Each structure stands twice: as structure tokens, then as C-alpha cells.
Amino acid sequence: MVNVSDSKNYKVIGTNPIRHDGYDKVTGRAIYGADVKLPGLIWASIVRSPNAHAVIKNVDTSEAEKIDGVFAVMTGKDLPQQEDQFIDHGEGTENVAWSSENIMATQKVLYKGHAVAAVAAIDRYVADYAASKVKVEYDLLDAVTNVEDATKEGAPILLDSLVGDHLRKKVKNTNVASITRHEFGDPDKAFANAENVVERTFTLQMVHQGYIEPHNATAHWDEEDRIKVWTSTQGAFPVRTSTAAILKLDVSRVKVTPLEIGGGFGGKIPVYLEPVVSILSRKSGRPVKAVMERSSVFQASGPAPGGTITVKMGTDKDANIVAAESSIKLEAGGFPGSAVGAAVQCIFAAYDIPNTRIDGFDIVVNKPKSAAYRAPGSPQAAFATETVSDELARIHGMDPIDFRLQNASKEGTRRADGVVFPKVGNVEVLEAAKKSDHWNSDLGTPAKGRVRGRGVASGYWFNVGLKSTVNLSVNSDGSVVLVEGSSDIGGTRTSISMQAAEILGIEVENFRPSVGDTETAGYADVTGGSRTTYATGFAAVKAAENLIEVLKDRCAIIWSLDKNDIDFEDGTFFASKDPELKFTFKELASNLDNTGGPAASSGSVDLESAGGAFGTHIVDVDVDTETGKTDIARYTVLQDVGTAIYPAYVRGQMAGGAVQGIGWALNEEYYMKDDGTQANVSYLDYRMPTALDLPNIETIIVEVPNPGHPFGVRGVGEVPICPPVGAIGNALHDALGKRFYDSPMKPGRILNVLGKISD
Amino acid sequence: MHPFVYAAPSTVKEAVEILTKHGDKARPMAGGTDLLVQIRGGRFDLDMVVDIKKIPELTSVTNNNDGLVIGSAVACHQLYEDDDISKNYPGLIDAATLIGGIQIQSRSGFGGNLCNATPSADGIGPLIVHSTVANIQGESGTRSIPVEEFCTGPGRNALGKGEMLVSLSIPNKGKGFGAAYERFIPRNEMDIAVAAVASSILVGSNGKISEARIALASVGPTPIFAKKASDFLIGKEANEASFKEAAAIAKSECSPIEDMRGTIEQRQHLVEVITLRTLNKSLERIEG
Ligand SMILES: Cc1cc2nc3c(=O)[nH]c(=O)nc-3n(C[C@H](O)[C@H](O)[C@H](O)COP(=O)(O)OP(=O)(O)OC[C@H]3O[C@@H](n4cnc5c(N)ncnc54)[C@H](O)[C@@H]3O)c2cc1C
Chain A
809 MVNVSDSKNY KVIGTNPIRH DGYDKVTGRA IYGADVKLPG LIWASIVRSP NAHAVIKNVD
869 TSEAEKIDGV FAVMTGKDLP QQEDQFIDHG EGTENVAWSS ENIMATQKVL YKGHAVAAVA
929 AIDRYVADYA ASKVKVEYDL LDAVTNVEDA TKEGAPILLD SLVGDHLRKK VKNTNVASIT
989 RHEFGDPDKA FANAENVVER TFTLQMVHQG YIEPHNATAH WDEEDRIKVW TSTQGAFPVR
1049 TSTAAILKLD VSRVKVTPLE IGGGFGGKIP VYLEPVVSIL SRKSGRPVKA VMERSSVFQA
1109 SGPAPGGTIT VKMGTDKDAN IVAAESSIKL EAGGFPGSAV GAAVQCIFAA YDIPNTRIDG
1169 FDIVVNKPKS AAYRAPGSPQ AAFATETVSD ELARIHGMDP IDFRLQNASK EGTRRADGVV
1229 FPKVGNVEVL EAAKKSDHWN SDLGTPAKGR VRGRGVASGY WFNVGLKSTV NLSVNSDGSV
1289 VLVEGSSDIG GTRTSISMQA AEILGIEVEN FRPSVGDTET AGYADVTGGS RTTYATGFAA
1349 VKAAENLIEV LKDRCAIIWS LDKNDIDFED GTFFASKDPE LKFTFKELAS NLDNTGGPAA
1409 SSGSVDLESA GGAFGTHIVD VDVDTETGKT DIARYTVLQD VGTAIYPAYV RGQMAGGAVQ
1469 GIGWALNEEY YMKDDGTQAN VSYLDYRMPT ALDLPNIETI IVEVPNPGHP FGVRGVGEVP
1529 ICPPVGAIGN ALHDALGKRF YDSPMKPGRI LNVLGKISD
Chain B
11 MHPFVYAAPS TVKEAVEILT KHGDKARPMA GGTDLLVQIR GGRFDLDMVV DIKKIPELTS
71 VTNNNDGLVI GSAVACHQLY EDDDISKNYP GLIDAATLIG GIQIQSRSGF GGNLCNATPS
131 ADGIGPLIVH STVANIQGES GTRSIPVEEF CTGPGRNALG KGEMLVSLSI PNKGKGFGAA
191 YERFIPRNEM DIAVAAVASS ILVGSNGKIS EARIALASVG PTPIFAKKAS DFLIGKEANE
251 ASFKEAAAIA KSECSPIEDM RGTIEQRQHL VEVITLRTLN KSLERIEG
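Taken in order, these protein sequences are the chains called A and B.
Start counting the first sequence at 809; every next residue gets the next number (our numbering).
Start counting the second sequence at 11; every next residue gets the next number (our numbering).
Some hints could be false.
[Stated by the list, open to error] To give an idea of the interface, some chain A residues facing chain B are shown, with a C-beta separation under 8 Å as derived from the structure:
#1 ARG1034
#2 THR1433
#3 TYR1479
#4 ASP1483
#5 ALA1487
#6 ARG1495
#7 LEU1500
#8 ASN1504
#9 LEU1559
[Claimed, not checked] Taking lysine-lysine pairs in the DSSO-like style, the calculated list, with each CA pair at most 30 Å apart, reads:
#10 LYS261(B) to LYS1256(A)
#11 LYS845(A) to LYS1056(A)
#12 LYS943(A) to LYS291(B)
#13 LYS185(B) to LYS1256(A)
#14 LYS35(B) to LYS941(A)
#15 LYS261(B) to LYS1546(A)
#16 LYS291(B) to LYS1564(A)
#17 LYS1218(A) to LYS997(A)
#18 LYS1256(A) to LYS291(B)
#19 LYS246(B) to LYS185(B)
#20 LYS1256(A) to LYS246(B)
#21 LYS1481(A) to LYS291(B)
#22 LYS97(B) to LYS1564(A)
#23 LYS1564(A) to LYS246(B)
#24 LYS238(B) to LYS171(B)
#25 LYS35(B) to LYS1256(A)
It should be emphasised that the hints constitute simulated quantities derived from the structure, not laboratory data.
Computed from a predicted structure; not experimentally measured.
Every residue gets a Cβ at the ideal spot worked out from N, C-alpha and C, and that includes glycine.
Work out the full structure: start from the sequences and follow the hints.
What follows is the structure, encoded as C-alpha cells:
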């Protein structure tokens, strides 16, 4: 670990205790969404569009309804009619009218897999059979599946109701939902005076998060019009908000119980199945469960947008970047709301550039509505910026890390979108990279027939704060029950408990943490934006501090002293004037029953900002120039994590993000057929890396504490997916002497760039 | 998928009777690693699944000086765990050790791989270059055909109604024989070949090739026996120069399509690259 702070002497923070959810997970006892079983439970099957773009002329459910074992059939018309209404989930806003139409189409299908009807039946097989008997008549339309085709003259228009906001002008009859511009300084003049200018255009394909657990939901709508929902989600409260809004109910009528979650990465924030099983339950009177097939997860959940990005950067003769300009066009999918809004904030964040202009385009295409995926928009942006940056470094004959250091953003740097950086660790990370064993090691010799190259790239994610609550209560044996409302994806039951434990001066093993449902936990926004260890951890710190006040009161009662005369240090309560009077946390806990009963506290936060964070990755690739296959020979991730609460988790996030980025760079893509439908809808053909495709990912933790958090935490989960695509592209250039401007850099593309094949 | 009956006959005769009676509505199951996936995916609508692993003849391996006979339900691991078989049938072993992973290799084998008849099947090319004969039994008796005639289209084979594959007979070519199989996949496991090639050569003491077989996968509607490239090598010196020429001919013998796994040109290019690699490896194996 590279420690840049004047570190405090923590007892719990910085250790790797056994995680509280560990035993249940490794023994298979943990309950995931698909494990939910209820008396009278029946199964739902969703009828999905086989077409990428079509008008729904008629949905005939009569035959399905007649089948033995079918309890209920629904179409999009069973969902309440909606007006435009916007909900902010922190990582993306949601227009309820469009969400509803996305959950079940009533007018048009906008991508293959778009739901049009659903059936609930006695078991899965009857439900699937009945779903196959729902007859849908379509009027086929031409499909557009990339940003270029969607913006051509005469392109088929996806949404008649869409009014585009083009630099504040309202535009109808368009697939471009919005155009934004951030401008700072005078980029045109700066480019005119620049010594070197490099301008490149990049394309990227839609990719999926690839969580192992498919989407699932179970609901029971009771006679009092109360709905209970069980689901795997990144946020029980946001599911409640969305489900209630789509069903036009008060939030208090919906109770959401989050189950263990088998991965989300941003994709398990939107609701797809919850309103559907709710309506089917209302119609059948039974609890109804739905679990998506993998092919539906690919075709009808929320992947990350592909798109086209142009980046132009200019340097003066001393290799200072004097101007930068970008146009970022991302595919939103069937409805507006791609990650372009985040991409524009990240694209040049790693550099201190006095003159910038960034245009962002949000474009609807006939693909599933995109959702958040780990640092949404930033990996795409970093591929473009980091490639151009690498080219400029070479033009100046500079070491690429030195070039980045010379131009690095730091505290006080103003981003083009107006944000001025507080203390950030960009420089510290680059310096650590420069000193790393990997950067200073020889390239070595690859196997026969292969060539090796090394690349480096940086990435940034701003992270978010938002609202969280933590509740604590003390047991008579000195243990503490902790309830968080944040879904635990990355092990937060333990990392949140650790922060409370540090404040209370007790061991984290004394905690019994759990994730509550929406009627037992205090409100929390999504587990997303790398916010949970930061914001929910902050709430835990507040709750622990509040608990100390409660416990001081108890000491005051027991010792008949004034509360102001009670002190607390290192887990011990004592009378400031009488050293004989003291209680350990445990002793005090055993005395609570005699002093007013249960001791409990709560802490909540609503944090406007978070500590943004930077990472730099170094990669060595081996390329077989005859087959175009790339293997990762060595990979090192460096990242400013603020303070590593649980370093093993932090390393896991760093390695995991890098691995997803490696897949993105090398093989992953939505391979679209001419009819606008996705061909590779299984893990077999989606080609995510497996363990045999990866080296041990080396991780170097850099700690530049975030001044906005009691322990200095920054979000760590998203930054590590930002650099890989650019780093691998740069390494391929180092190996082959050719630049790659299109992702994925798959074997066929490498053969093509090497001139061995023409397509 | 709808409920089906599971049958586990103990003789080939019984199995053939069931298959004849149910026609399209019944299928044999060897390891089931293709079949079960296909049933769930809706490719077959079966009333009957006939487990053939309970038929002793079909799960046994006979290995002697003349050759190898493997029952149609023998699993991959039964072959590669035998040192003698591994030495004499290197092309088969290349495939047996790369199909799926350990779990798949523990259940499935060449019989199912061949009957499934996909253009990308990893087992079929190696069977072809090892001059394998497929032994078939039906209601009207038994017959044998060379494996290169077994596949008739993607997912289609030469079996008639009620017929099943009983065993595969593979000659032992002895000293001077080498074979190899390689597939190109973008990852290192769990993938379907973009293109693949199996090669074998028999080299005499004079250094000349007396027999040669090259088979291509994933580059046509069925695995392809590249006859021109194979014949070209007969009588040639076993060296890189002859192999290069043969590889160029093999490239002209494939007829790939473009799909999500690769383009036409990419596949043609790969056939040439891998043909050369497998021929070189075959020779290395002869030279030990
Ligand atoms: C995870 C996974 C990975 C895989 N990886 C690979 C791979 O790398 N390479 C590869 O080539 N394949 C792969 N496969 C496919 C499959 O495992 C192989 O094709 C395997 O060899 C099939 O053998 P089996 O015994 O399981 O066949 P089964 O599934 O039992 O049968 C396959 C087909 O042949 C028919 N059949 C079986 N036996 C007979 C018989 N005696 N007579 C007539 N018809 C018969 C069946 O009815 C069925 O239609 C993979 C499959 C999975 C699930």
C-alpha cells in the first residue's frame, strides 16, 4: 500500500476480518431472489418481441387464457396510463412514462426482447407454453442500432413523443434526445496556436455487465391493496419508488424485501419484472414469481451504451495540453437516458486543460434501454482520451506517465463542466505507477510467434453521496445489531460495521449486521455510484456517535453523575473526575436493563458530493500475429481509494473492475444482425473472459484520504473499469505499431489492422 | 419443454426397438451434454429420452495392436487417462482434453460429439484424420461407414430411423504416425471454434509421407475432409515447405460463412495458419 496520508492509528479500519455474510454464501445457504418460495406461489413467463422495431397492432391472449394451469394473463394495457414524471436515482434519472412503456410496450416495440405481455401459471413450463400461445401482430419498421444510422436523414424515428433538447432548442421528429455543451476558455484559439494536434474518432459497441444472477422478482398483492415484493436489487427503496410510481400507488403500499444479490454493477437499479408480477398477482390472487432467462437478460435489461466519440487534443512545444475538444455520441437504447451526462464530466478529468469544449449527444436506437454499468460513460470516454494522450506523449518523445504527470489534474483544477477539484489523488497514483515494479520491469520475451507490448492509461469517476441511514441497537451481551437500508453487493455489511466499530472502540466481530427491508430499515438510496462504504459508512459513524451519547446518559444514571462528566475513549466509558468509575462497552451493555432498557441509535446523511477518484493501469499484452489473439501477460491496477476500510475488498473491486474492462477491450460486444437483433445472447458467444484468460491482477492501493469523510473514504468500485480499454489499446500499439480506434480489439480486428484480412 | 419418459435399456437391441417405435419423439442420450441443453432450448420435442450409458458394450474401450474400438457412450476421460491410447492416438487426445472442461469430459465423448454433427464439433476432425469407421446398428442389422461420410449437414447425420451409433473403430497406424488437432477460439476455454484443423501424417523411414489426412471444422456446413490438401502431401518430404503448400490448398477447400464468431476471410486465413501448425506438430510428435 502506498500511504500518502498522515495515517491515524486505527484498530478496525484497514483490517480484513471474516465477512459477516461469508459462511452463508460459501455454504450455499444465502437466500437469493430466485430462492424465494411462498405458499401458493405461481410462475410468470414474459412474452417478448422477436422484432427490433415494430408497431403493435394487436395482442390476442385468448388462447393462452384457456390453457389448463394458467391463472392470469396481462398486457401493457394493464399498467396504469402515465404522464411524463421524472425520478432521480442518483445514478440516472427515470421518466416513469417511458419506464412503464419499457416494462411492457403498449404501442411500439423498440428492441428485440421488449416485453408485450405476460402469463402466470402453475409452473414454469405451463407458463412458458402459455406465453408461446399469446399472438401478437406487428407492423414491422426499419431498425437503427447505432448512433450514426439513427441520426441520418430520413432515419426511422423511434419515439413520436420525444421532444429533443438540442442545446436548449426543442426539436421534434428526432432520435437525438439531447445535445449538451460544456465550454471553458477559448479552445478554437488554443488549437490554432497549438504545436501538435491529434484528432481521432472512436467507436465502441454496447456491452453487458454480465452479472451471474439473472433478474428476478416475486410479488404478492393482497386484499388491502398492499404489495409485498421480494427481489435482488441494488436498492430496495428505489425499487419501491419505481414500482409504486409505475403502479400509481403511494410508496407506503409497497414493501420491498431485498434478497442477496448475485451482481448488479449498475444493471440492477431499474425495475423490469416487479410491476409485472405485481399485476399478475392482483389478477390471480396468488404470489407470482419471475426469473429472466439469460437471453432476456442480454436483450431486455440495461447494458452499457456503445457509441462514437471524437477527441481532439493539442499541445504546445513543451508538451503541455493547451486545448481539448470532444463530441460524445452514446446510444441510449429504446428510450432516452444514456450515460452521456456522466461521460462529459469524466472525459478530460485526468488532465488540467485550460481550454475545452465537450458536446454530448443522447441518442435513441433499437437496442435495450441502457442502464448504469460501473462508472457509466467513463470507460468509453477514457478509451478515446487515453489513446490520444498516448499518441501525443509519443509525438513529444515522452514517457506516457511523465506526460500524464506533467498535465495531471489536481486540487484546484477546474473541469470543463465547472467542478473545481478538491483534494484528489491523480498525481499520487501516477507517481506510484512510475515507481511500480511493473513499470520498471523488462518486457521479457513472449512465447514463439507472439509479440509483447506495454500500455498505460488513467481513468476517473466522480462517485456520489446521496442519502443513507444506519440503525444500531445494543444487546445485553455487548453485541451490536446494525441495520442498513443499502443493498450489500460488495460486502458492506462488514465494511459499514467496521466504521461503527472503530468509533465504538469494539471489535467488528461483535456486530450482527443485516440489510433491512423498506419497513425495517431507514431510507437509503441505491448501492451505486460507489457510494455505500462512503455514505452509508458516514451514516454508521453518525449512528455510532449518537450511540455513545445514549450510553453516556446511562453511565450518568448508574454513577449518579452529570453527563458532562462522562468521557469515552477506546471503547471505555469513564468518569472524568474519578478514574475508578469506568465501564467497558460490554460491561455497560450488561447493565442497560437496570438503567432504562434498550439502547439504540440512528444516523442518517444526505451528502451532496463525494470524493472523486483516479486510477492508472499498466498492462502487458502478448499478441499472436497469425491469429490475432491477445493474451494479458501482466496487469497492474493502481488507484487512489482514499482510505481502504477493508483492503481485501478494495483489491477485489480493483481487480474485478479491471477484469470487466479487459473483457470489454478484447471480445465483449452486442453483435447485431442485419435485422437489428442481437446474435450473441448467451455467455458462450458473448465471450466474457474466464479465469484462464486472465493473469493474477496486481493491485497497488494508494491512499489520499477524502477530506469529506470521517475516515477519508472514497468510492472504489467504479474507477477500475475506466482505464482498461485504453490501456490495452495502447499496449497493442506498443506491440504491433498500429493504433486501434474501435473496440472490441478482437482477433479479427487485429488481423484486419495488421493487413492480413480485409474485413 | 414438456414432460418426457426416461428409458435406460441394457442392450443395443432394446435401445434400437425404442428408437424405432418412437421415431422423432425419442433420442439416445450418451453424456447428455448436448442433448439436455437442446431439449431445454426447445430444439427437440421429445416423449422419450433413451439413456445408453447403461449398455455395457457402449461404455467400453477395446485397445489392442490393431486398433482401438470405443463404444459410442465412452467419455473423454476414459481415453486420456490411458497412457497407451494417449501415445497412439494423439489427435483424439488433443480433442478429448479440450472439449468443455473436466465436468463435460467426465460425461461426454466422441459418440455424442459425432452424432450431434455440428460443423464446429471438436471431436469429428480428429476422428477423420485417425481414419475412423462408424459402426451403426438398426432394426435391419448393422453397417459401417467412414466418419467423413457421417455428417450430412449442420446437426444432421447419416443415421436412418431407429438407427444408432454403436462404436467407433480406429486403426493403429504404428510407428511414423503423428496427428494433432488445434482450434482457434478468442478465449482460452469454453468457446466454439472460429476455425479448427486436424492433421495426421504417416512418414516412412525415407522421410516421405505415405499417408496424410487433413480435416477442417467450423468452416462449412459439416466438418470437412480436405482431400486435395491431404492427397497433395502423399509422396512429399515431411517438412515445412510441403506443409505450407498443403495449408494453402486446405484454405481453398473450406467454405465458411460470416457470423458472430468470425468473418469468411478470417476463417479462411485461420485454416491456413492452423493447418501448418498442426502438420508441424504432427511431425514433431513423430520425431518425439
Ligand atoms: C459447457 C459445455 C462445453 C462444451 N464444450 C465443447 C467443446 O469445447 N467442444 C465441443 O465439440 N463440444 C462442446 N460441448 C458440446 C458437447 O459437450 C459435446 O458435443 C459432447 O461431445 C457431446 O457428447 P455427449 O455424450 O454429451 O452427447 P449427447 O448430448 O448425449 O448427445 C448428442 C447428440 O447425439 C445423439 N446421440 C448420442 N449418442 C448417440 C448414439 N449412440 N447414436 C445416435 N445418436 C446419438 C443425441 O441424441 C444428441 O442428439 C460443450 C457442451 C457444454 C455443455
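Identify whether the interface hint at ASP1483(A) stands, where standing means a beta carbon of chain B within less than 8 Å of its own.
Violated. Min distance 14 Å.
Given pair status - LYS291(B), LYS1256(A), alpha carbons within 30 Å:
Measuring from Cα to Cα gives roughly 14 Å; hence the hint holds.
What's the verdict on LYS943(A) and LYS291(B), does the C-alpha distance respect the 30 Å limit or exceed it?
Since the Cα atoms of LYS943(A) and LYS291(B) sit roughly 56 Å apart, the hinted pair is violated (cutoff 30 Å).
Can the restraint linking LYS35(B) and LYS941(A) be considered satisfied, given a maximum Cα separation of 30 Å?
22 Å, holds
Does the alpha-carbon distance linking LYS238(B) and LYS171(B) stay inside the 30 Å limit?
Status violated; Cα separation ~33 Å.
Holds or violated: are the alpha carbons of LYS1481(A) and LYS291(B) at most 30 Å from each other?
38 Å, violated
If you take the shortest Cβ to Cβ gap from LEU1500(A) to chain B, is it below 8 Å?
4 Å, holds
Checking one constraint from the list: CA of LYS1256(A) to CA of LYS246(B), max 30 Å. Satisfied?
27 Å, holds
Hint check: is the beta carbon of ARG1495(A) less than 8 Å from a beta carbon of chain B?
6 Å, holds
Closest C-beta approach of THR1433(A) to chain B relative to 8 Å, hint status:
With a minimum Cβ separation of about 10 Å from chain B (threshold 8 Å), the hint on THR1433(A) is violated.
Quickly compare the C-alpha distance for LYS291(B) and LYS1564(A) to 30 Å and report which way the hint goes.
With Cα atoms ~23 Å apart, LYS291(B) and LYS1564(A) stay inside 30 Å; holds.
Against the 30 Å threshold, does the CA-CA distance of LYS261(B) and LYS1256(A) hold or violate the hint?
23 Å, holds
Of the hints listed earlier, those the structure fails to meet are numbers 1, 2, 4, 8, 12, 21, 22, 24 and 25, in rising order.
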